[in-house]
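For the protein sequence lines, the chains are A and B, in the order given.
For the first sequence, position 816 (counting from the first letter as 1) is numbered 816 according to my numbering, and the numbering increases by one without interruption.
For the second sequence, position 74 (counting from the first letter as 1) is numbered 74 according to my numbering, and the numbering increases by one without interruption.
Be aware that a few hints might be false.
[To be verified] Chain A is faced by these chain B residues, among others (derived, beta-carbon under 7 Å): (1) 90; (2) 142; (3) 145; (4) 156.
[Claimed, not checked] Distance condition first, Cα-Cα at most 27 Å in a straight line; then the derived DSS-like pairs of lysine-lysine: (5) A/662 with A/633; (6) A/445 with B/142; (7) A/538 with B/154.
No lab work stands behind these hints, which were simulated from the structure alone.
A virtual CB, placed ideally from N, CA and C, is assigned to each residue, including glycine.
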Amino acid sequence: MGLILSRAAQWTSCCKLESAPLNEFLVTQVLNYVENFVSRHPQEAEHLFEEPLQWTTTLKKVDFKEDYVISAIGAKSLEKDSEGKPLLQYFPPFVSVRTISQLSKLLQLAADRKRQELQACLEENRDLIAKIVGQRLVNTPEENLSALELDIRVKLFILLKHIDEKILNKFVGEIAKQVKLLPAAVEEEVEFLKQYCTEGGKRLLKSLRYTSDYEFPNGCRAPPWRQLLGEICYVVIEPCDAEALYITCCSAGVFLNAGLDKEEDESLYERQGDFYEDMATLLKRVSPHFEKNVRKQYFVEQKPRKSIHVAHVDYEIEKAQPKTPEEREWEKVQQALYARKKREPCQRWRNLGVLSIFGSDEDLMMSAAEKKRLGSKTKVTMKVGLTAASSIGLTASQRRRSIVASLSEEHCSESSSESEEEEEQTERRPDTSTELQSEYWQVQKLVKYLKAADQTATVLVLCAMMDLDLMKEVIQLAILDLGGLELLLNLLDTTDIRSKIGSLKILAKISQNVIIRQTIVNMRGLQRMVNNLDLPVKELQALASETIAHVAKFRRARRTVRIHGGIRKLVKMLDCFHYSAKPGEDMEKNLEVARCGASALWSLSKSSKNKEAIRKAGGIPLLGLLLRSPYEKIAIPVVGTLQECASQKNYRVAIQNEGMVKDLVKNLSSDNEELQMLCASAIFKCAEDKLTRDLVRSHHGLQPLVSLLSKAENKQLLAAATGAIWKCSISMENVAIFQEYKALHMLIGLLTDQPEEVLVNVVGALGQFAQIQANKAAICNGGGIRALINLLNGTNQALLVNVAKAVGACATERDNVARSSSLSASICQQSSDSDNLCLDVGPHGLFPRMLSHLQRN
Amino acid sequence: MMEMTAKSKKLLHAQVEALLRKVEHFNKTEIENLILMFNTLMAEQVSRGRPANGLKRGKFRGVLQGTFEMTNAVMMDGVFRSFDTDGDGVIILEEWIRGLSVFLRGTLEEKIKHSFRVYDLNNDKYISKDEIFHMLKHSFIKWPSEEDPDEGIKDVVEITMKKMDLDHDGLLSYEDFQKSVLDENLFLQAFGPCLPEDVQSAARFLQKCLQQALQTLLLCAFCSPS
Chain A
1 MGLILSRAAQ
11 WTSCCKLESA
21 PLNEFLVTQV
31 LNYVENFVSR
41 HPQEAEHLFE
51 EPLQWTTTLK
61 KVDFKEDYVI
71 SAIGAKSLEK
81 DSEGKPLLQY
91 FPPFVSVRTI
101 SQLSKLLQLA
111 ADRKRQELQA
121 CLEENRDLIA
131 KIVGQRLVNT
141 PEENLSALEL
151 DIRVKLFILL
161 KHIDEKILNK
171 FVGEIAKQVK
181 LLPAAVEEEV
191 EFLKQYCTEG
201 GKRLLKSLRY
211 TSDYEFPNGC
221 RAPPWRQLLG
231 EICYVVIEPC
241 DAEALYITCC
251 SAGVFLNAGL
261 DKEEDESLYE
271 RQGDFYEDMA
281 TLLKRVSPHF
291 EKNVRKQYFV
301 EQKPRKSIHV
311 AHVDYEIEKA
321 QPKTPEEREW
331 EKVQQALYAR
341 KKREPCQRWR
351 NLGVLSIFGS
361 DEDLMMSAAE
371 KKRLGSKTKV
381 TMKVGLTAAS
391 SIGLTASQRR
401 RSIVASLSEE
411 HCSESSSESE
421 EEEEQTERRP
431 DTSTELQSEY
441 WQVQKLVKYL
451 KAADQTATVL
461 VLCAMMDLDL
471 MKEVIQLAIL
481 DLGGLELLLN
491 LLDTTDIRSK
501 IGSLKILAKI
511 SQNVIIRQTI
521 VNMRGLQRMV
531 NNLDLPVKEL
541 QALASETIAH
551 VAKFRRARRT
561 VRIHGGIRKL
571 VKMLDCFHYS
581 AKPGEDMEKN
591 LEVARCGASA
601 LWSLSKSSKN
611 KEAIRKAGGI
621 PLLGLLLRSP
631 YEKIAIPVVG
641 TLQECASQKN
651 YRVAIQNEGM
661 VKDLVKNLSS
671 DNEELQMLCA
681 SAIFKCAEDK
691 LTRDLVRSHH
701 GLQPLVSLLS
711 KAENKQLLAA
721 ATGAIWKCSI
731 SMENVAIFQE
741 YKALHMLIGL
751 LTDQPEEVLV
761 NVVGALGQFA
771 QIQANKAAIC
781 NGGGIRALIN
791 LLNGTNQALL
801 VNVAKAVGAC
811 ATERDNVARS
821 SSLSASICQQ
831 SSDSDNLCLD
841 VGPHGLFPRM
851 LSHLQRN
Chain B
1 MMEMTAKSKK
11 LLHAQVEALL
21 RKVEHFNKTE
31 IENLILMFNT
41 LMAEQVSRGR
51 PANGLKRGKF
61 RGVLQGTFEM
71 TNAVMMDGVF
81 RSFDTDGDGV
91 IILEEWIRGL
101 SVFLRGTLEE
111 KIKHSFRVYD
121 LNNDKYISKD
131 EIFHMLKHSF
141 IKWPSEEDPD
151 EGIKDVVEIT
161 MKKMDLDHDG
171 LLSYEDFQKS
181 VLDENLFLQA
191 FGPCLPEDVQ
201 SAARFLQKCL
211 QQALQTLLLC
221 AFCSPS
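Generate coordinates for the entire structure from the input sequences, incorporating the hints supplied.
Structure follows, in structure tokens:
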């Protein structure tokens, strides 16, 4: 029990056992052994201790019943040694015991307090074994033990040592269960799984990504307040055969969370499923496809797997050498620990004297093998000691400080490597933590000044705050956490224009952060910004609407702006040509105000009620006016708003009537890809109406659309352009013009290696092109049919509908049917392969129609 | 009286013409009104003692306090110094009109010059840390009582100086100040309010000035028959 006490148990500074689960486990184990000792080894149990074990007891005189003589001052046992001294003596509050049988009896007396008693006994008798069998025997080297005559004392000693070892063994088993995931391990697994997100036979998963690209210095990606709960990062995995999985990786394991709420723009953290030890296990459970394929592949290529489960692989290698099962278990546990935690608590290790065991070989009483084993035992226990200590430290620290504390603390515990070079560690450690701390304290200082300052100093402090790297998440969160955000928002209620401007300059930047956005909304920040929109200070208007544009990224925020009349004010800001008496500086300011207003409206126009509100506030003619302005900077948010709103009939009609199609077409030829994309997307949405299609043609918009097809690297632009072509080609006159510019050829080229949103549009357009007889042949000759039929393997409904339409359109041509019929076998096979295809397309009557065309031949 | 008025009208006309050529941003009527206001203020001064050749500090501070709600004595003295370009302790008519044209209608460049003169307390063409500290020393109003507010102020001065002192000579020269303001407009009134709060208060001032002028004219008209 000596080893357990000195190595495994976690002690507090005042020589008490910490109330950690592992300590409780230890005490329970010792208790079991003591209770059973008497029945198993009656002889040894009666052996007199060299020194009595003495401790402060909670037992009262009344607890001692028969077998004890109760006197005025205490109690003693009836059993006595050869010299007539009682084996148990009780002088409140101390009790001293001289045999194990007495100890076990006493524990029986203590009944439900026996754990407490035993713990007190262990705490106050750290040199337990020495007291029982004598210091001399404890110090005897192992080899000499056999030489000693096997008297009861020596037997007892050996017995105790065995018990000690057994408990340690169990203890390690317990630790092994508590192995924690670490960021490095998670990252490794993510990287590993990413290799299987490929196309083709090896494909296990469709995609895998983190929800946040930002990685804290400690390797975690979860926001600091979630890190406190042990969460490391969030991963979104799309398996081949199921919905996307939102997974939280935390130190206790991985589990499914509630997923990303698109509308609210935040991860929901609640646990939805069981804990799994790693992502692969979870995936196996959730995705049969993954499970099936992973078996196949892991047997073939075990090599990459090795990096994750070093323990297993190494274990296989180790197996070659004969080893006792016990030893192998050690190895395994040790490996498991090392593979997961790449660190070694050198400092603690040294302090606890593990190294001295190794250093003084001769003094050791163990055999070489045992020494090694014990060494690893201690390593393992030490490790647990360290993690336990750090986790306790974490929970104890207050929330405010703990963001920094946890970051630095976790970080330093990880940065230590297997090497024992403390100097290197201590050098490295402060670097990262002070950098973080200094930023944090800087923010704290400025917030403190901000609280105290008058108008003049407020502006100076705000300027100092602007000099911080406000795009850095740590600083954003520090401002939030230290109450800075509240102060900034309060400044918006004051009358001091300069403070408001300063505050908004900061808010506009930090509101890029999701959490800050939500807190702003919760703190009624949007109302305050809206209130500032109609003050006659242009800079203030512009900054307020820019910040609104950032904050209004989720529904509740957009609604808040609408309810507080923000849309009316923002639309009013668009009217910058109203007082365009003299150009120059004034005009520039007006345009900036209009640009910011339009940006805010763009964000807001994602809610349909807001679209209506913009229209009612008279926004459409103003947007049309701005669209005509020669400034590209202003055109982007304006077209952005228009294309967002074009989902409504009212807007489409207005876009036609106000003559905006012409300007949209004009901007298709701009140099700015974002603007091109937005214009194409607006045309895509509007070209459902015949009049618009004709307008696009009459304003020569078809040719720029075709030329956009060459920008294959910008998929968003490509999707918008192909969408516009698809919708425009509903008019056959347009198809004819498209053909002049060889659009068909380019579209067929886009049938492969494109994302689905592009493919849907390309195939849709081809379906329209195929209405013309000559094109049918062109599509088939250009290898289009084969590509189209390959697309039938997908699962995207919209795509399948379009493919079926396109193939159907082609199949009306006799020649093509002949050509296609060679492929028909494969189609039929595919259709029987995937029932869902028939189901998906069936209700539209398209797939049957396509087949019927084929059969008619 | 009539003769006086005619004479003063003639004088007024000459002054307006002269100043119109020298000062930007104001039209004829505005200058006329401002001259009348100046004369009224001068008259109020004279009535209390021996005549002076210009507006004295106290009277001028009264205007700043009453019309522009300035309360900070250091700033008001600074504005007086900025107006009083020849440094003779009084503001003569030309300084009054010139100063107000910057104060009310100045371009950014002119305002930067004005602010710099206000903040350069000892008129040595540099703003030092001590001067900044002097201007900011009462800036922390809700400071925890157990801590020394000067420490905080000093830190703010230090941070601001570090940001604005672009040539790192420990002093803010006009160039430093100008560049800092052009980079961040909020620094225009970095060390205290020395310009009208906003466009409206400037407009209000001119409005008031116009009313006063009208009153004076009316008064003259009433007085003339007697």
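**Request:** Below or equal to 27 Å on CA atoms is what counts here, so check residue 662 of chain A against residue 633 of chain A.
**Result:** Distance ~18 Å between residue 662 of chain A and residue 633 of chain A Cα, so the pair holds.
**Asked** For the hint on residue 156 of chain B, does the least C-beta distance to chain A fall short of 7 Å?
**Response** Holds, about 6 Å.
**Asked** Does residue 142 of chain B meet its interface restraint, that is, does its C-beta lie within less than 7 Å of any C-beta in chain A?
**Response** Residue 142 of chain B check passes; min Cβ-Cβ to chain A is 5 Å, inside 7 Å.
**Request:** Quickly compare the C-alpha distance for residue 445 of chain A and residue 142 of chain B to 27 Å and report which way the hint goes.
**Result:** 14 Å, holds
**Item:** Pairwise hint evaluation, residue 154 of chain B against residue 538 of chain A, where the allowed Cα distance is 27 Å at most
**Value:** It is violated: about 33 Å lies between the C-alpha atoms, which goes past 27 Å.
**Message:** Given a cut of 7 Å on the nearest C-beta pair, is the interface hint for residue 90 of chain B held or broken against chain A?
**Reply:** 28 Å, violated
**Prompt:** Against chain A, with CB atoms and a cut of 7 Å, does the hint on residue 145 of chain B hold up?
**Reply:** 11 Å, violated
Violated hints, in rising order: 1, 3, 7; the structure is consistent with all others.
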